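Line by line, the protein sequences give chains A and B.
Under our numbering, the first sequence has 218 at position 218, and the numbering climbs by one with no breaks.
Under our numbering, the second sequence has 27 at position 27, and the numbering climbs by one with no breaks.
No wet-lab data here; the hints were simulated from the structure.
Computed from a prediction, not measured in an experiment: that's the story for all the values here.
A couple of the hints might just be wrong.
Some chain B residues judged to face chain A by a derived CB distance under 10 angstroms, without partners named [to be verified]:
#, residue
1, A19
2, S35
3, Y38
4, L39
5, P55
6, L58
The following residues of chain A were derived to be distant from chain B, with all beta-carbon distances above 10 angstroms [said to hold, decoys possible]:
#, residue
7, G3
8, C106
9, A107
10, L179
11, A180
12, S190
13, T208
14, V212
15, T213
16, K284
17, V310
18, T338
Ideal placement from N, C-alpha and C gives every residue a C-beta, glycine not left out.
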Amino acid sequence: MPGSSIRAVEYVVGSQKLSFEELEERFGAEAMKKVFSGSGIRNRQVAPLGVCGSDLAFQAAECLLEKQGTDRASIDLLIHCTQSPDYFLPTTACLLQHRLRLPARCAAFDINLGCTQYVYALSVAHSMIAAGLAQRALVLTGDTMTQTVHPMDRSLVPLMGDAGSATLVEPAEAGQGFLAFELGTDGAGSGHLIIPAGGFRQPISAETAVEVTDAEGNTRTAAHMYMNGAAIFYFAITMVPKIISALLRKLEVGIDQVDCVLFHQANRYMLDYLVKKTKLAPEKTHFFVEEIGNTSGSTMPVVLADAIRVGKVKPGSLVVMVVFGVGLSWGATAVRWTGDAAGSAGTGGGA
Amino acid sequence: MTEDQFVALFAEAIGADPAMLTLDTPLQQLEMWDSVAYLAVMTMVDEQMEVVLPPDVLTGAKTAREILAKARQG
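If we strip away everything but chain B, and leave its shape as in the complex, we get (with noise of 0.2 angstroms):
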């Protein structure tokens, strides 16, 4: 999966408009991240890289590009 492919989908997930996203946009500056949104993540991860993100991973994560590292570590 690109950068692109999941900053689209990590926006689409949380309801966040993907212009104003980017891989490096302060996850905490975004009203709409929050405990739904975790679930929506974790949910959009495991269906598209087959990786189940632990609850804390989404919580610390500063940005999207964290969380795609992870994911990308499995």
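With the rest of the complex left out, here is chain A (with noise of 0.2 angstroms):
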């Protein structure tokens, strides 16, 4: 069976910076300072309204493809990411499709999950290029969360950003690329992180228009995401390790033959963590969060590519990607890389 690699990455952040500072004046000195300690998280970059994650996805596919020459006529398969589409339908990589100019004959689809859709992305875009249902990938993520919450939230605000990638596949030699895959889901957690209302299951009245203050001083309707932190805390400390050890069961090595672990930027007190209880060593991973924030799905790619600027991913190296959340869902892979060194890093832009 033929394998696949990523050639490249390329990824753009809202153009507005919500700072530390802004957020000082908005909940108190002492709240943020409490924040700030639990999550690492200083800054944000976040789109303007009428900004959508579709439009952080064309902006960094349009780099991409300039960047890599790439022929848009050979491109057969568009994965789009997003749990901010633009549209309940149509599905939002057909706009990508025509507005990125991309053949008639290319497959175009949304993925729906947010945290994981990065890897689930990939693991597709890896099947359907083995199966020889397509021939090069472009993968592309895209979420404007940040509009989703409450702008007196205190729980959420903090940590959000938006961002949005693209990443090309393309077929690789065996043994090189992508080497194993791990996935999973838990829908019994799926209450602990929601918009509960805006669906069909719960559509728009003035009832979930409803504004209520919880307990800790956080405001939110039912139109809002909610999150419960320490139950996705849990839920990462537990899971994760497992995750990793599965997947490096099946490539039949230890962590320390591993060279770069990247796990999904939820925050800096949870990755730190997770470093430390997977006895990972912290120079084999990067963190990426502190001045963009949490951008949902988009984290994966963007922390690859910062890892791929500063050397910690290149030619040769094993590469472990893990990513967990909303669902509940997971998604690890191990990558041989193959991608360019140089050309592949992406650099933040504006929206």
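Dock the two chains into a complex; use the hints.
Have a look at this one:
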């Protein structure tokens, strides 16, 4: 079975900086001091109203195609990952196929997952290439989840940022590129991270617009994102070590043989603890969350691009990517890196 | 781990004055007993006792004594 690998990754972040100082004014200095100590996120990059996740994905894709000199006619698979689509229908991937001037023979569809979307999309692209259904895949992520958060929700506003990314996936020799995937789901935890209203289960109504303030002073309506932080943290620190172990068992390697382990960039406090808990040498991971925030499903391609930029991921590296979050859902992949050492690192742009 | 050691670590984790905290201090009376404190206690117990306490144990606990008892049960 032919393999596949990541050729290049690019990303853009929302153009507006939501600074620590602005949130100090909104939530108070003492509250923000505590939030910062618990998250490690100082500033956030957010997209202004009117900018969609697909706009960020589009910009990242244009940047990637231009830098790589990719023939657009050669792309026969477009996977767009988002939980903040332009419309209920059509699927945003169709809009992006047209906007990016990709050929009509290009299959295009969305994957509706949050924090885990990137690894799931890579697994689909890899599988379709391996099955001979595609030759060159463009995997896009793009979300503006900050627009789903109530501005007075102190549990979420300080954490979230917006970003989009583009990844080119191409065939590779066996033993190169993607080596294994580990995917899983626990829908019993779906209520821990949810926007309850706005879908067909609970349509928007006067009732869903009622603001409620919880015991800790966080205000939201049923149409805003809610997160049970303690439950998500518990899920992460119990599940992530198991995911990594299961993946490494498939490869028959130990964690000491992995060159770089990249985690979903939820927040710095959680990541530091995961590094400690998995007994990973701190220099074998990479963080890129303090200045842009948790960009949901885009955190993995963003941190991957930055790890390439700083030389932690280079040709020949054995790289593990681990994602976890809303669903609850998780995924991991191991990659023998073949992408360009230079030219594939993304840089933040405006939107 | 002794009870005194647990109280000291608990106080440090949530940023409370250890002199003002006992195993039986009502947690709901503590201003700092919030969602950030739950994470700090969860990691402290995991590191010290190798037990990851489910969040409902923390949110439902009335005192540190209840949390210590759950941690000792594993």
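Now for the hints, and whether the structure bears them out:
no.: 1; hint: A19; in the structure: violated, 21 angstroms
no.: 2; hint: S35; in the structure: holds, 5 angstroms
no.: 3; hint: Y38; in the structure: holds, 4 angstroms
no.: 4; hint: L39; in the structure: holds, 5 angstroms
no.: 5; hint: P55; in the structure: holds, 4 angstroms
no.: 6; hint: L58; in the structure: holds, 6 angstroms
no.: 7; hint: G3; in the structure: holds, 37 angstroms
no.: 8; hint: C106; in the structure: holds, 44 angstroms
no.: 9; hint: A107; in the structure: holds, 41 angstroms
no.: 10; hint: L179; in the structure: holds, 29 angstroms
no.: 11; hint: A180; in the structure: holds, 26 angstroms
no.: 12; hint: S190; in the structure: holds, 15 angstroms
no.: 13; hint: T208; in the structure: holds, 24 angstroms
no.: 14; hint: V212; in the structure: holds, 16 angstroms
no.: 15; hint: T213; in the structure: holds, 14 angstroms
no.: 16; hint: K284; in the structure: holds, 21 angstroms
no.: 17; hint: V310; in the structure: holds, 28 angstroms
no.: 18; hint: T338; in the structure: holds, 37 angstroms
Violated hint: 1 only; the structure is consistent with all others.
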